[in-house]
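Here is how the chains run, residue by residue.
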Amino acid sequence: MGELTVVGKSVERKDGRVKVTGRARYAGDLVAPGMLHGKLLRSPLAHAKILNIDTSKAEALPGVMAVITGKDFPGIPYGVRPDTRDQLPMPITKVHHFGEGVAAVAAVDEDTAEEALELIKVDYEELPVVLTAEDALKPDAPPVNEFKESNLAYSSHFNFGNVEKGFKEADYIREETFSSQRVTVGFIEPHACLAEVDPTGRILLQGSKQSPYITWRHMCRALGIPLSKMRIVNPFVGGAFSGKHDPFDVDFAAVRLAQKTGRPVKIVLNYDEVLAAYRQRNAMDARLRLGVKKNGAITALEAECVLEGGPICGIGPFNIYYFGAFLNIPYKIPAIEYHGKLVYSNRSPCGTVRGQEIVLAQFALDSLLHMIGEEIGVDPVEMRMVNAVTDNWTTANGIVVDVSGLPRCIEKSAEVIKWRASRKSRPKGRGIGFSCASHPSGPRLGGHFGSSVVLKLVEDGKVIVTHGGTEIGQGCNTVFCQMVAEVLGLPIEDVEQGVSDSDTTIFSPGMFGDRCTFWDGNATILAAKDLKRQLAEIAAKELQVDPEELEFKNRRIFVKEAPEKGIDFLLAVRKAYYEQGKPLYGRGYWAATDIDIVDWKTGKGNLAHGLDFIATAIELEVDEETGTVTLLKSAHADDAGQPINPLMLDGQVLGGSTHMIGHALMEESHYDEKGQAMNYTWRDYKQPTSMDVPLEAVVEHIHTHDPYGPFGAKGAGEASSCSTLAAIANGIYDAVGVRIKDLPITPEKILKALKQKEGK
Amino acid sequence: MFIRRLPKFEYHAPTSLTEAVDLLVKYGDNAKVFAGGTDLLVSMKKRETVPEHLINLKGIEGLKDIHYDETEGIKIGGLVTLGELERSKIIKEKIGILWDAVIVMAAPQIRNLGTIGGNLCSAIPSADTAPPLMASDASVRVVGKNVKRTVLVKDFFKGPRESVLNTDEILTEVIIPNPPENSGGAYLKLMRRKAMDLALVGVAASLTLDGDEKVCKDARIALGAVAPTPIRALKAEEVLLNKEINEDLAAEAGRVASQEARPISDIRASEEYRREMIGVLTKRAIMEAFKRVK
Amino acid sequence: MKEVEIELKVNGVNYKVKIKPWRTLIEVLRDTLGLIGTKKSCNEGECGACTVIMDGRSVTSCLVLALDAQGKDILTIEGLADGEKLNPIQEAFLKHGAIQCGFCTPGMVMSTKALLDENPNPTLEEIRRGISGNLCRCTGYQHIIDAIQAAARSGGKE
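Protein chains in written order, with numbering that gives the first Met the number 0: chain A, 0 to 759; chain B, 0 to 293; chain C, 0 to 157.
Everything labelled a hint here was simulated from the structure, so no lab data went into it. Using N, Cα and C, we set each Cβ at its ideal position, and we do this for glycine too. Be aware that one or more of the hints could be misleading.
Only part of the chain A face toward chain B is listed, based on derived beta-carbon distances under 7 Å [as the list claims (entries may be wrong)]:
#1 N269
#2 E560
#3 T625
#4 H669
#5 M677
#6 N678
#7 T688
Using 20 Å as the maximum straight-line C-alpha spacing, the simulated DMTMM-like pairs for lysine to aspartate or glutamate come out as follows [said to hold, decoys possible]:
#8 C:K1 - A:E109
#9 B:K193 - A:E624
#10 A:K574 - A:E458
#11 B:K57 - C:D72
#12 B:K193 - A:D378
#13 C:K94 - A:E11
#14 C:K19 - A:E109
#15 B:K91 - B:D68
#16 B:K216 - B:E246
#17 A:K8 - C:E90
#18 A:K531 - A:E548
#19 B:K242 - B:E180
#20 C:K17 - A:D683
#21 A:K427 - B:E246
#22 B:K91 - C:E117
#23 B:K7 - A:E109
#24 C:K19 - A:E113
#25 B:K45 - A:D683
#26 A:K331 - A:E381
#27 C:K17 - A:E109
#28 B:K157 - B:E180
#29 B:K7 - A:D683
#30 A:K455 - A:E578
#31 A:K56 - A:E113
#32 C:K19 - B:E9
#33 B:K193 - A:D622
#34 B:K63 - C:D72
#35 B:K93 - B:E180
#36 A:K417 - A:D378
#37 A:K528 - A:D502
#38 A:K673 - B:D265
#39 B:K193 - C:E2
Work out the full structure, taking the sequences as your base and the hints as a guide.
What follows is the structure, encoded as structure tokens:
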């Protein structure tokens with residue numbers, strides 16, 4: 000391919016200008032003629048039978064056009080898997096968590112809609128509440144989900160390699176427990192949706208959705224309508240981080256109200272509703288037992304994990320598999336036994352959050368690795384170097400690592416954080432913590448899984464890219480334009496992002512698991528090559544050479560060996576359109592074929608390509624009198640293969656890490672003993688501000704070349720989310736000698752631990 | 000349960016204090032005054048308070064100045080915003096203990112709206128301007144129908160969200176006597192993160208030393224967020240009197256202060272932690288105040 | 000209840016609108032004037048997404064009554080660029096990767112403008128404090144801080 004001219008450069012975001020001028024439209028900004036405003040009535044109880052809902056007074060209020068409840072839907076449950084269909088659009092027989100939407104109103108204005116909510120009378124019969132996995136699994140625990148008898152929603156059991164032998168061979172074995180709290184996803188744009196029945200009679204949905212495909216499949220099933228009867232057009236999305244994959248009551252209510260009234264209905268939530276009742280990260284309890292040799296090399300791992308997931312399975316079955324599967328990476332673990340349980344409860348429904356379960360698994364594993372290293376006298380950096388996955392490694396459960404820059408990542412992060420110097424001397428209360436992590440580039444989850452891209456070459460020589468991914472801020476729109484520009488030898492200005500409309504776009508299965516750059520990127524390259532082939536044929540005929548001899552660069556198509564012999568790119572385009580009367584489209588479809596659909600119950604299989612590797616070092620200070628932690632510096636060395644847009648890649652790394660600073664130190668969604676959410680306001684749910692991030696943050700790119708990735712790139716959005724928790728926990732230990740294994744690590748916990756330490 | 004759009008109200012924009020007071024007399028408990036609105040409007044959106052009449056005080060002249068006089072001290076109009084206090088050289092140089100508080104309150108946008116009068120009248124236990132003003136022997140001017148009175152800030156609070164203001168009264172001015180010679184003051188605030196948060200614990204300490212700047216002649220320690228109202232820690236102050244300030248003494252004062260307080264446990268922090276932090280912050284505030292004695 | 004007629008000056012344009020007295024500035028900007036650039040999220044002053052500049056000072060427009068904004072000079076994100084020519088702050092945000100999903104961006108840019116208008120040469124600490132009232136979940140703030148430093152250095156020149 001030669002030297003890259005557009006790929007690998009930090010070109011300006013394609014959607015940057017519209018966003019920075021306030022012109023970008025998000026779901027809440029959309030309007031339609033005759034639009035009504037919708038609002039949801041929410042349950043004040045965490046677990047209760049719905050005996051009756053009297054909507055008559057609300058319906059009679061002038062200005063109210065329709066009121067609906069769960070009974071206005073066919074009652075067809077949906078879910079991620081055929082064996083986990085446990086969700087309804089809105090509850091019919093009972094409510095499962097605080098703030099669950101039980102009724103929805105569409106009115107001519109928002110004030111009327113709010114007023115109407117007050118007129119709806121709901122009769123509940125309270126049911127006992129289960130909040131923790133432990134309580135939910137007790138024999139007399141009330142069943143949480145009406146579609147399942149047991150509160151054990153899913154389980155996963157692996158056994159790979161010879162764990163018993165591994166432990167026998169170990170020179171040292173250690174067992175520890177870890178736990179992690181409920182946290183909200185924390186995107187800034189609240190859920191919003193505009194639904195209407197379009198002029199053709201189909202439902203048109205424009206919502207803040209991360210995965211329109213998933214939304215579409217679930218919604219059509221639950222509404223009892225054919226797939227062809229729903230069209231989705233994506234506005235800009237104000238952050239998602241896996242909190243906006245599935246359809247919510249917001250989307251269902253807007254659609255049903257639009258159907259009932261025949262008018263467009265817009266529902267925009269206030270953020271406190273999001274904090275109270277929408278997607279959170281599973282609470283986790285885990286026990287890990289790790290065996291190592293004298294030099295720190297791991298010989299075996301045995302682990303148990305319980306994830307508490309709220310009243311739905313959602314993506315939970317994948318989460319519980321994922322936790323175990325990614326205990327296997329980024330370190331070489333010859334044998335692993337794992338038992339995971341996903342449990343229902345009456346807290347807010349869980350999906351997953353940036354980094355998914357790897358975030359939690361890595362917190363446990365990298366904390367444990369540090370603890371063991373200290374006991375056997377192996378330095379944290381060395382501990383990781385000894386175990387780091389290298390090229391062409393296959394994990395015990397069959398995940399294939401093609402290329403790993405991890406050893407270089409570890410060296411680099413240690414260098415940037417000045418690790419060696421810090422061992423000689425450092426101020427009191429200051430410490431450095433390490434963690435590594437790996438994240439795949441798009442797992443295969445069954446069903447539709449490939450990516451499709453269509454390129455339209457406009458008569459003026461510009462290309463419009465229509466891809467099936469969803470721009471949620473991660474920058475995929477820009478990255479694909481870069482790839483097209485690179486293949487076709489055009490400047491980035493000549494390639495534009497088209498609309499995201501299911502009428503013209505084949506949506507990819509969803510925007511999760513770092514799949515975008517990798518899967519849609521590969522499809523983009525194929526589409527660009529398709530266009531290139533068509534243009535090469537035209538140019539070849541014109542120049543009377545073989546298409547193979549041609550190169551595309553700087554808006555020209557010319558003979559590689561004789562560059563002066565060529566034609567303008569635009570001329571080839573016009574020849575197609577005007578001489579041949581042939582419009583130019585490029586089509587590309589890509590799906591990884593040598594990966595497996597893994598059985599989440601047993602865990603065997605090659606989940607994905609493009610394992611991204613990261614090593615994170617965080618330097619921090621602990622105030623031993625108050626327990627407050629101040630982050631001083633973070634150093635991330637990331638192997639994302641060939642960075643497509645280095646500046647945007649840095650943004651992903653820094654953003655993911657900052658997100659987890661919140662998880663590590665200050666975020667928690669609290670519930671009281673009756674399951675009522677307690678801090679569903681940003682006044683009391685504290686996410687990191689600009690004052691909470693490290694004073695200095697460095698991202699270094701460790702270049703490798705992934706054999707399957709577009710231009711050798713790997714997905715990079717979530718690795719740093721996975722490596723930050725343990726880096727902070729280990730840093731606190733290094734600073735003041737206390738080990739906190741239950742997140743969040745609050746000042747109170749640090750102080751308590753310091754006192755216990757002194758007491759010894 | 001959830002935040003809503005504002006409820007209906009009748010809006011009034013008096014241009015004089017008399018007019019404002021008359022409105023309060025007329026509407027009594029059905030009216031609420033507001034300046035910045037950062038506290039009131041949120042309460043209204045949560046339907047915690049639903050006044051039928053809203054009286055905007057910002058049109059009243061003469062309540063927006065900061066004035067320094069060598070004898071009379073610092074006078075701050077009730078409608079002076081926290082942002083204006085933050086930007087004021089007078090406040091930073093003459094009454095640094097108050098400046099310490101305003102720069103850690105809420106967020107820049109809120110500081111541009113919220114006023115010192117509003118912060119005091121909200122009477123929330125964690126109001127950050129209260130401890131520094133209490134520690135500076137500040138007082139407030141209150142105007143009602145046929146009433147003009149001066150109340151010491153330390154006597155201004157009755158309970159959580161309850162001040163001594165009668166229904167027809169408006170806080171018009173904050174008066175801070177000039178700190179005596181050889182004085183220094185500091186305010187420290189403990190939060191759950193490094194910005195945009197309420198105080199878990201707030202401590203203001205003001206010291207006056209003798210001519211040699213060694214022995215403490217006078218001490219004021221005020222605590223916020225750790226009792227039903229902001230309070231003075233009188234016993235802790237006594238610990239410091241007529242003694243030379245050093246870290247051990249400051250720590251002792253801190254210990255005493257933590258016993259004087261009545262913190263609670265809530266989702267923000269536990270009672271034990273708050274109590275312990277009163278000790279730590281008091282010690283630090285005293286030492287910082289000591290450092291600042293010129 | 001009765002609507003009132005108010006005059007608002009936004010981005011140099013005088014508007015005359017009829018609204019209910021209990022409308023907040025953000026609601027009028029977005030729903031009545033169609034200026035959707037300013038975003039609404041928490042509606043209680045805790046996120047900064049709704050930040051606009053009023054008489055030179057940044058404020059959370061969800062906590063300002065529209066009535067109360069009369070007679071003031073209001074600047075929203077739509078008022079920064081001069082046609083296609085972006086404000087140096089906007090250019091710096093683009094150049095330094097300070098924008099990802101873009102939802103916090105209008106508020107963040109307005110807080111930046113208020114900061115730099117008052118303090119053209121802020122220290123790193125002053126920058127971090129200056130935007131401490133604006134939540135962002137995507138970027139981790141670092142690129143935003145870089146952009147603000149660059150905008151300050153360029154001193155308003157391109």
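Each hint tested on the structure:
1. Evaluation of the A:N269 hint against chain B yields a held restraint, the C-beta minimum of about 5 Å falling below 7 Å.
2. Of the supplied interface hints, the one on A:E560 is violated, with its beta-carbon coming no nearer than about 62 Å to a beta-carbon of chain B, more than 7 Å.
3. With a least beta-carbon distance of about 6 Å to chain B, the hint placing A:T625 at the interface is held under the 7 Å criterion.
4. Taking 7 Å as the C-beta contact cut-off toward chain B, the hint placing A:H669 at the interface holds, the least distance being around 5 Å.
5. Taking 7 Å as the C-beta cut-off, the interface hint given for A:M677 holds, the closest approach to chain B being about 5 Å.
6. Here the hint on A:N678 is kept, as its CB sits about 5 Å from the closest CB of chain B, short of 7 Å.
7. Checking A:T688 against chain B: minimum C-beta separation of about 4 Å stays under 7 Å; hint holds.
8. Of the supplied pair hints, the one linking C:K1 and A:E109 holds, its CA atoms being roughly 17 Å apart against a limit of 20 Å.
9. At most 20 Å may separate the alpha-carbon atoms for a hinted pair to count; B:K193 and A:E624 meet this at roughly 16 Å.
10. For the hint pairing A:K574 with A:E458, the CA-to-CA distance comes to about 10 Å; that is within 20 Å, so the pair holds.
11. Taken as a hint, the B:K57 and C:D72 pair is honoured in the structure, with Cα atoms around 16 Å apart against an allowance of 20 Å.
12. At roughly 32 Å between alpha-carbon atoms, B:K193 and A:D378 are farther apart than 20 Å, so this suggested pair is violated.
13. Under the criterion of a C-alpha separation no larger than 20 Å, the hint pairing C:K94 with A:E11 is consistent with the structure, at around 6 Å.
14. A C-alpha spacing of about 13 Å is found between C:K19 and A:E109, which places the hinted pair at or below 20 Å, so the restraint holds.
15. With a CA separation close to 15 Å, the supplied pair B:K91 and B:D68 stays within the 20 Å bound.
16. Distance restraint check for B:K216 and B:E246: the Cα-Cα separation of roughly 17 Å lies within the 20 Å cut-off, and the hinted pair is therefore satisfied.
17. Restraint check for A:K8 and C:E90: satisfied, since their Cα atoms lie roughly 18 Å apart, inside the 20 Å limit.
18. For the hint pairing A:K531 with A:E548, the CA-to-CA distance comes to about 13 Å; that is within 20 Å, so the pair holds.
19. Pair hint B:K242 plus B:E180 holds up; C-alpha atoms about 17 Å apart against a cutoff of 20 Å.
20. Pair hint C:K17 plus A:D683 does not hold up; C-alpha atoms about 36 Å apart against a cutoff of 20 Å.
21. Proposed proximity of A:K427 and B:E246 is supported: the alpha carbons are some 19 Å apart, at most 20 Å.
22. With a C-alpha separation of about 17 Å, the suggested pairing of B:K91 with C:E117 holds against the 20 Å cut-off.
23. Restraint check for B:K7 and A:E109: satisfied, since their Cα atoms lie roughly 13 Å apart, inside the 20 Å limit.
24. At roughly 16 Å between alpha-carbon atoms, C:K19 and A:E113 fall within 20 Å of each other, so this suggested pair holds.
25. Between the alpha carbons of B:K45 and A:D683 the distance comes to roughly 15 Å, so the proposed pair stays at or under 20 Å and holds.
26. Restraint check for A:K331 and A:E381: the C-alpha separation of about 14 Å stays at or below 20 Å, so the hint holds.
27. For the proposed pair C:K17 and A:E109, the alpha carbon gap of about 17 Å is at most 20 Å, so the pair holds.
28. With a C-alpha separation of about 32 Å, the suggested pairing of B:K157 with B:E180 is violated against the 20 Å cut-off.
29. Between the alpha carbons of B:K7 and A:D683 the distance comes to roughly 27 Å, so the proposed pair goes past 20 Å and is violated.
30. For the hint linking A:K455 to A:E578, the alpha-carbon distance of about 18 Å falls within 20 Å, and the restraint holds.
31. For the hint linking A:K56 to A:E113, the alpha-carbon distance of about 13 Å falls within 20 Å, and the restraint holds.
32. Only pairs whose Cα atoms come within 20 Å are accepted, and C:K19 paired with B:E9 is accepted, the gap being roughly 10 Å.
33. For the hint linking B:K193 to A:D622, the alpha-carbon distance of about 13 Å falls within 20 Å, and the restraint holds.
34. Our distance criterion of 20 Å between C-alpha atoms is met by B:K63 and C:D72, whose separation comes to about 19 Å.
35. In summary, the hint linking B:K93 to B:E180 is supported, as the alpha carbons are separated by about 12 Å, within the 20 Å threshold.
36. Our distance criterion of 20 Å between C-alpha atoms is met by A:K417 and A:D378, whose separation comes to about 14 Å.
37. The straight-line distance between the Cα atoms of A:K528 and A:D502 is roughly 24 Å, outside the 20 Å bound, and the hint therefore fails.
38. Our distance criterion of 20 Å between C-alpha atoms is met by A:K673 and B:D265, whose separation comes to about 16 Å.
39. This hinted pair does not check out: B:K193 and C:E2 have alpha carbons roughly 43 Å apart, beyond 20 Å.
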